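This is what each chain is made of:
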Amino acid sequence: MSAVPGWVVTLHDLPASVALRESELLFPVLQTVHVLGVVLLFGGIAVLDLRLLRLLWPRRSPAAVVTAMLPVSWMGFAMLVASGLPEFAAQAVALHANPYLRAKLVLLSLALLNIALAHGTVFRGLGRWSSDASVPASARAFAAASLVLWSGVIYTGRMIAFT
Amino acid sequence: MKVRIRLASWLLVAGLLAALPVSAHHSFSAVFDAKKPVRLVGVLTRIEWTNPHSAFVLEVRNKDGSTTTWTAEGANPGALSRRGLKRGDIKIGDTLIVDGYLARAGGKLIDARRVTLPDGRVVSGATAGDGGPQDAPSPSATGVR
Chain A
1 MSAVPGWVVT
11 LHDLPASVAL
21 RESELLFPVL
31 QTVHVLGVVL
41 LFGGIAVLDL
51 RLLRLLWPRR
61 SPAAVVTAML
71 PVSWMGFAML
81 VASGLPEFAA
91 QAVALHANPY
101 LRAKLVLLSL
111 ALLNIALAHG
121 TVFRGLGRWS
131 SDASVPASAR
141 AFAAASLVLW
151 SGVIYTGRMI
161 AFT
Chain B
1001 MKVRIRLASW
1011 LLVAGLLAAL
1021 PVSAHHSFSA
1031 VFDAKKPVRL
1041 VGVLTRIEWT
1051 NPHSAFVLEV
1061 RNKDGSTTTW
1071 TAEGANPGAL
1081 SRRGLKRGDI
1091 KIGDTLIVDG
1101 YLARAGGKLI
1111 DARRVTLPDG
1121 RVVSGATAGD
1131 GGPQDAPSPS
1141 ATGVR
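So the protein sequences, as listed, match chains A and B. Quick note: the first sequence uses our numbering, first residue 1, plus one each step. Quick note: the second sequence uses our numbering, first residue 1001, plus one each step.
Be a bit skeptical, because a hint or two may be false.
Stated by the list, open to error - Within a straight-line C-alpha distance of at most 25 Å, the following computed SDA-like cross-link-like pairs (lysine to any residue) qualify:
(1) B:K1086 / A:V18
(2) B:K1086 / A:E22
(3) B:K1091 / A:S23
(4) B:K1036 / A:T163
(5) B:K1086 / A:P15
(6) B:K1091 / A:R124
(7) B:K1091 / A:P15
(8) B:K1108 / B:V1038
(9) B:K1091 / A:E22
Claimed, not checked - In silico contact screen, one side only, chain A against chain B (beta carbon under 7 Å); selected entries:
(10) R21
(11) F42
(12) F162
(13) T163
These are computed hints drawn from the structure, not numbers from a lab. The model shown is predicted, which means the values in this text are computed figures rather than measured ones. We put the beta carbon where it would ideally sit given N, CA and C, even for glycine.
Kindly generate the complete structure, drawing on both the sequences and the hints.
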């Protein structure tokens, strides 16, 4: 094992990290917030991706479904960051070299990049997607990639506890 | 040639996984061996009251009179507390009896499935749902260290 980086030790030794690590209640409560965040983030994303892929709600306008689901997902994302960062800080020394955490961060970066690329390009025309015929094929490719990447983030995240 | 490279990379991955610190959250079988029950009787020298696993460090006297430092890993603080083992119930210098299982990788680490406190109370130290044996090994099955 290589030495633990200084910033990891600093984070691990913060009074708030120690308190969370030794808490009887806050630690599982934060894990619950993380699960609720997954529900909102992946729930919203799955609904909008499946709609674009024509696998869900064929009579609803794709534009309306995407617009309705995006704020739900971002709400979940905020909960995930707010709970995930302290959970990492509390276990920083044990987790910083965890291969699944590293894989998760790579997949998370790709998933966020996928969103940025989608919204910077083809999703600019979102307002005109009133029917399946008006949804470009590239939008469906972004939707498929999104489902795969976010599923991978959840899988690798879950696997952090199984090393 | 290709097969050999693939085999080498799998071995590398396995080696990296084996080198992981055991302090990370993990399932029972990732670290411990259910076929190697053990009983430790030792003096408590350090308590780590931490999530997701607690740890009790014991000085165990060997048959030849020497002592060995063992770490007994247990469930998280909330679970132990609900089972009646509160933070203040044990202190440095107490003698504990810990029944559990040896780590697969060897070393002085066991999984504390059952902890007997100085007052005679017996508390399960097992992490619920970790896939390990739900009962501690019977004392007759454990070699007293």
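Cross-check of the supplied hints:
1. B:K1086 / A:V18: 18 Å, holds
2. B:K1086 / A:E22: 12 Å, holds
3. B:K1091 / A:S23: Judged against 25 Å, a Cα distance of about 18 Å means the pair holds.
4. B:K1036 / A:T163: 20 Å, holds
5. B:K1086 / A:P15: The given pair, whose Cα atoms are some 21 Å apart, holds under the 25 Å limit.
6. B:K1091 / A:R124: 63 Å, violated
7. B:K1091 / A:P15: With Cα atoms ~22 Å apart, B:K1091 and A:P15 stay inside 25 Å; holds.
8. B:K1108 / B:V1038: Cα-Cα ~11 Å, so holds.
9. B:K1091 / A:E22: 16 Å, holds
10. R21: With Cβ-Cβ at 5 Å, under 7 Å, it holds.
11. F42: 22 Å, violated
12. F162: The hint holds - A:F162 has a Cβ within 7 Å of chain B, the shortest such distance being about 5 Å.
13. T163: Hint holds; A:T163 Cβ to chain B Cβ min 6 Å, cut 7 Å.
In the structure shown, a violation is registered for the earlier hints numbered 6, 11, in ascending order.
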